[in-house]
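Read off the chains here:
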Amino acid sequence: MGGIREYFGNISDALVTTVKGMAITGRHFTSEPPITVQYPRDRLAVPPSYRGVHILEQQKCIDCKLCAKACPVDCIEIEAVHHGRILEWQKFTIDYKKCIFCEFCIPPCPKDCIHMTAEYEMATAVNDTMIEDLLTWTGLRANDRREVEAGEAKKAGKPAPPAPEGVTPQPGGPAGGNAAPSGVVVTSAYAPGSPGAPGGLPRGPRKARDGSASPAAPAAPASAAAPAAPAAPAAPGGDLAARVAAIKAGLASKGKGPS
Amino acid sequence: MEALIGFFGDKLHVSGTLALSLAYATCIGSLLGFVTVYAMFAIWMERKVAAHMQVRYGPMETGGWHGWSQSIADAVKLLFKEDLLPRDANQVLFWIAPAIVFCGVFAGLVAVPFAVGVQIADVHLGLFLILSLAAVEVVGVIMAGWASNSKYALFGAVREAAQVVSYEVPAAVALLVPVLVVGSFRLGDFNAWQEEHGWLVFHNPFVVVSALIFFIASLAGCKRAPFDLPEAESELVSGFHTEYSGMRFSFFFLEEYVSMFVSSLLVATLFFGGWTLPFLNVSAMPAPVGLVVLLAKTFFFIFVQMWLRWTLPRLRVDQVMAMGFKYLLPWGFVCVVATAVFEAQGWRWLPV
Amino acid sequence: MEALELYTVDERDDLYTEELKLNLGPQHPSTHGVLRVELKMDGEIITASRCDIGYLHRCAEKIGENVSYLQFTPYTDRMDYLAACNNELAWSLAVEKLLGVEAPERAQWLRVIVCELNRIASHLIAFGTYGIDMGANTPFFYAFREREAVMALLERPSGARMLYNYVRPGGVAHDIDESWLSDVLAFCGEFEKRWAEYNQLLTTNRIFIGRTANVGVLPRDMALAWGCTGPVLRGSGVKWDLRRDVPYLWPYDEIEFDVPVGEGTHGTLGDCWDRYWVRMREMMESIRIIRQACARVPSGDFMDKAMVRMYKSPLKPGKGEVYMRCENPRGELGFYIVSDGGTSPLRCRARGPSFCNLSVLDALLPGCMIADGVAVIGSLDIVLGEVDR
Numbered sequence: 001m002g003g004i005r006e007y008f009g010n011i012s013d014a015l016v017t018t019v020k021g022m023a024i025t026g027r028h029f030t031s032e033p034p035i036t037v038q039y040p041r042d043r044l045a046v047p048p049s050y051r052g053v054h055i056l057e058q059q060k061c062i063d064c065k066l067c068a069k070a071c072p073v074d075c076i077e078i079e080a081v082h083h084g085r086i087l088e089w090q091k092f093t094i095d096y097k098k099c100i101f102c103e104f105c106i107p108p109c110p111k112d113c114i115h116m117t118a119e120y121e122m123a124t125a126v127n128d129t130m131i132e133d134l135l136t137w138t139g140l141r142a143n144d145r146r147e148v149e150a151g152e153a154k155k156a157g158k159p160a161p162p163a164p165e166g167v168t169p170q171p172g173g174p175a176g177g178n179a180a181p182s183g184v185v186v187t188s189a190y191a192p193g194s195p196g197a198p199g200g201l202p203r204g205p206r207k208a209r210d211g212s213a214s215p216a217a218p219a220a221p222a223s224a225a226a227p228a229a230p231a232a233p234a235a236p237g238g239d240l241a242a243r244v245a246a247i248k249a250g251l252a253s254k255g256k257g258p259s
Numbered sequence: 001m002e003a004l005i006g007f008f009g010d011k012l013h014v015s016g017t018l019a020l021s022l023a024y025a026t027c028i029g030s031l032l033g034f035v036t037v038y039a040m041f042a043i044w045m046e047r048k049v050a051a052h053m054q055v056r057y058g059p060m061e062t063g064g065w066h067g068w069s070q071s072i073a074d075a076v077k078l079l080f081k082e083d084l085l086p087r088d089a090n091q092v093l094f095w096i097a098p099a100i101v102f103c104g105v106f107a108g109l110v111a112v113p114f115a116v117g118v119q120i121a122d123v124h125l126g127l128f129l130i131l132s133l134a135a136v137e138v139v140g141v142i143m144a145g146w147a148s149n150s151k152y153a154l155f156g157a158v159r160e161a162a163q164v165v166s167y168e169v170p171a172a173v174a175l176l177v178p179v180l181v182v183g184s185f186r187l188g189d190f191n192a193w194q195e196e197h198g199w200l201v202f203h204n205p206f207v208v209v210s211a212l213i214f215f216i217a218s219l220a221g222c223k224r225a226p227f228d229l230p231e232a233e234s235e236l237v238s239g240f241h242t243e244y245s246g247m248r249f250s251f252f253f254l255e256e257y258v259s260m261f262v263s264s265l266l267v268a269t270l271f272f273g274g275w276t277l278p279f280l281n282v283s284a285m286p287a288p289v290g291l292v293v294l295l296a297k298t299f300f301f302i303f304v305q306m307w308l309r310w311t312l313p314r315l316r317v318d319q320v321m322a323m324g325f326k327y328l329l330p331w332g333f334v335c336v337v338a339t340a341v342f343e344a345q346g347w348r349w350l351p352v
Numbered sequence: 001m002e003a004l005e006l007y008t009v010d011e012r013d014d015l016y017t018e019e020l021k022l023n024l025g026p027q028h029p030s031t032h033g034v035l036r037v038e039l040k041m042d043g044e045i046i047t048a049s050r051c052d053i054g055y056l057h058r059c060a061e062k063i064g065e066n067v068s069y070l071q072f073t074p075y076t077d078r079m080d081y082l083a084a085c086n087n088e089l090a091w092s093l094a095v096e097k098l099l100g101v102e103a104p105e106r107a108q109w110l111r112v113i114v115c116e117l118n119r120i121a122s123h124l125i126a127f128g129t130y131g132i133d134m135g136a137n138t139p140f141f142y143a144f145r146e147r148e149a150v151m152a153l154l155e156r157p158s159g160a161r162m163l164y165n166y167v168r169p170g171g172v173a174h175d176i177d178e179s180w181l182s183d184v185l186a187f188c189g190e191f192e193k194r195w196a197e198y199n200q201l202l203t204t205n206r207i208f209i210g211r212t213a214n215v216g217v218l219p220r221d222m223a224l225a226w227g228c229t230g231p232v233l234r235g236s237g238v239k240w241d242l243r244r245d246v247p248y249l250w251p252y253d254e255i256e257f258d259v260p261v262g263e264g265t266h267g268t269l270g271d272c273w274d275r276y277w278v279r280m281r282e283m284m285e286s287i288r289i290i291r292q293a294c295a296r297v298p299s300g301d302f303m304d305k306a307m308v309r310m311y312k313s314p315l316k317p318g319k320g321e322v323y324m325r326c327e328n329p330r331g332e333l334g335f336y337i338v339s340d341g342g343t344s345p346l347r348c349r350a351r352g353p354s355f356c357n358l359s360v361l362d363a364l365l366p367g368c369m370i371a372d373g374v375a376v377i378g379s380l381d382i383v384l385g386e387v388d389r
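Just so you know, the sequences run in chain order A, B and C. Its first residue numbered 1, the first sequence is counted upward by one per residue in the working numbering. Its first residue numbered 1, the second sequence is counted upward by one per residue in the working numbering. Its first residue numbered 1, the third sequence is counted upward by one per residue in the working numbering.
Heads up, a few of these hints could be off.
Not everything, but these chain B residues come out facing chain A in the computed CB check (under 8 Å) [as the list claims (entries may be wrong)]:
| hint | residue |
| --- | --- |
| 1 | His52 |
| 2 | Met53 |
| 3 | Arg56 |
| 4 | Tyr57 |
| 5 | Met60 |
| 6 | Trp307 |
| 7 | Thr311 |
| 8 | Tyr327 |
| 9 | Leu329 |
Don't read these hints as lab results, they were simulated from the structure. This structure is a prediction, so every number in the text was calculated from the model and none was measured. All C-beta atoms in this analysis are idealised placements derived from N, C-alpha and C, irrespective of residue type, glycine included.
Isolated chain A, as found in the complex (with noise of 0.2 Å):
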């Protein structure tokens, strides 16, 4: 008697859960919108505290290297050659083939100057262009240069080089007059007791994969050479354009590409 009950119970289950389970695939199939996104048409949104690629703020960096010693995979590599405080600019690399994209680097910047952005998009064909130059000059920038030369030939004796026309000479160095325009305050993910998604900033102009320059940078307000830029102080997590507009100014007046 078991057994008939078992028989006849079997093709009952086998019936009745298969329809209720082509129910479920059947109002799928009828009224559920599909989930995916049609990349790269459309793109799911990336939240502002995504770990992606970096930027660094150059005009920041003291090569403390830092950065580099917390890197659990020893992608960093950093150069650059010391003239007091000023940095003539060697390399400052990340192998994106060893990146993990741990953020590890980003704490240890005593001057919060490299961040990780929102960008994920770098594939690429070729080997060597994932060894991503994070620069935005080498060498030295020409109100360094002359500071250089001018200290040098201090020490030497001699009197200082002229200033070409129409350049007023400016202190360099990391904590002068490349700071960023006054009143742009940029959060750091790590300062203490920071709420909200802290996050990276959204990129500058960076080189092009080929390694050839990349194109100025779009929306440079015509009033680049004005130093006052909008004086947004960036709330944290806050009005992101203006933090974006205000970097973008203060990159452009400083003047930017090799001496």
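Use these hints to put chains B and C onto chain A, whose structure you have.
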């Protein structure tokens, strides 16, 4: 077919043998064309149905609108693929296995009535012919598995042999039920009978059961889920067609979809009215109407087959055997006997 | 491979049946990673099996001897990559024990939420891939729909979608934003509906039950003897869960949750269905835990103030050794650290749950058919990253 011969002979004033050959050529060519286009459409439909059941999109790029030409692109790709023949494979068997597998099922389409007067061969034993020709594919599958010289392929072939052969029996027994009611093996007669008396499925409760049995058995015969162990991807990589690539592989694929078409067509014709509709006198209308009705029903059942595939897990081989012999076959016999009794007594659900 | 030859019947009475050697090779859709299982088969039935592992060995433990304690945290992520936060938690707790520090309260509660979310994500993969192993390809996509929600939730505080690097020695990496907790609760509500759907689609399906019930029965004694932990052990009826029995995070003591065990509902106690059902119910228990934890997250620090120095200069615990174990989705993950006072461990050894659970495979497979073998491997829910490290 006779009509075609007449057409060629009389209208175009072509001699007898030439008319015959031309008629053959036209029939086979049109059937091949239909099958190829159908297979491409069915593969696209399967991918789309699967995708939407899985809350995603499926093909979207090729050809623009929902990737309608994806199958064409796939077919072209398969044609251009390298023709791999494993060195240790049995060359002859490896070569002819896909052909046998495909031709068996394809040949069965000869006896199928697509609409009034649209039938290549009006065979008296049409149903029997289709079933027996469809059984030929087993030989091809076993050849494919053996000749591949691969253990995975052999596994798939042996499972396939066991499964398809055992499910032929309940399928045939279940098909005896409509044959009993209508009294003929000729497929055109089924349509005619159902036009007069209403759909067979409403005739008698045991016809419903036998329709279900035949549907399930034909799923096993097509190697569709939940009976797709011969090609169980998660266990045997690709089953009996592991070593096949390119156009040879696509023959197996075509065979699966043509099998689905034939079995859905049989379900539609034998149980659900064929090209007839209860409220419409389809026979009096021009042939395309009947064709559309029949194809609509067929594609509905193909959709149900796809629906089942993407819902259910796979049965294990001993469970497949158990289901075939312990559940489908006895109930098939019960249906036949009960229908015989019903027919003898003249009982029926509908008073027609 | 030589072609199979026909054997002629010689003086033996019955037909000679050749024993087939089959490789469930490293590349296989169902081995949950690069696992190779050598099988000796008699037809469809497996007579002997031997696991061959090591295809995903990446020298994690050796690397651990050369990097600092903080720097090893992302490496632990990558061991069991499906349950990254849980791995990090085990490592962080071990380091904290070595240092004698404790994470602040807020961090502890955040750790609970994040680890339970990760548990759900991990079990969703177990559920989805088990469906695929059985031939049901659709539940996998539904599972990934929910997993996407979890990954989006975890992406907000941590910044990554899978290898979170969020739980660190001393606390957690970043604080959550204001709406995160309410979003987590919204996810919980949504998930409960979907869980019911999963059961209707796969769990109660007669064919699925037919494939998993009475298959791969792991008796209680055998499970204990072979060192199985996690759902594999609980599926055999042993009510042992480190969160309940050895709470490694004190919030677990204050949260109410059940520990589901197998009951032999559809077949024998300790079969594949039991293990699968334990995982399904654990997902619901995790939702319960998350709900309670979300209500109790206090304000405060998310990282121990003294530990922040570890970002700038490596930690130097004193000499000693520590063993810390946590309940991962796959079982008990343990870290045994030996410190000689330097900035890197002298030895950091991981006791991987998948490694120990996998060892029972060689005892379970003989007697099964190959389809059952796939069911058994799937029910053990192994991740080769953890097996091989």
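Status of each hint after checking the structure:
no.: 1; hint: His52; in the structure: 5 Å, holds
no.: 2; hint: Met53; in the structure: 5 Å, holds
no.: 3; hint: Arg56; in the structure: 4 Å, holds
no.: 4; hint: Tyr57; in the structure: 5 Å, holds
no.: 5; hint: Met60; in the structure: 7 Å, holds
no.: 6; hint: Trp307; in the structure: 6 Å, holds
no.: 7; hint: Thr311; in the structure: 4 Å, holds
no.: 8; hint: Tyr327; in the structure: 7 Å, holds
no.: 9; hint: Leu329; in the structure: 13 Å, violated
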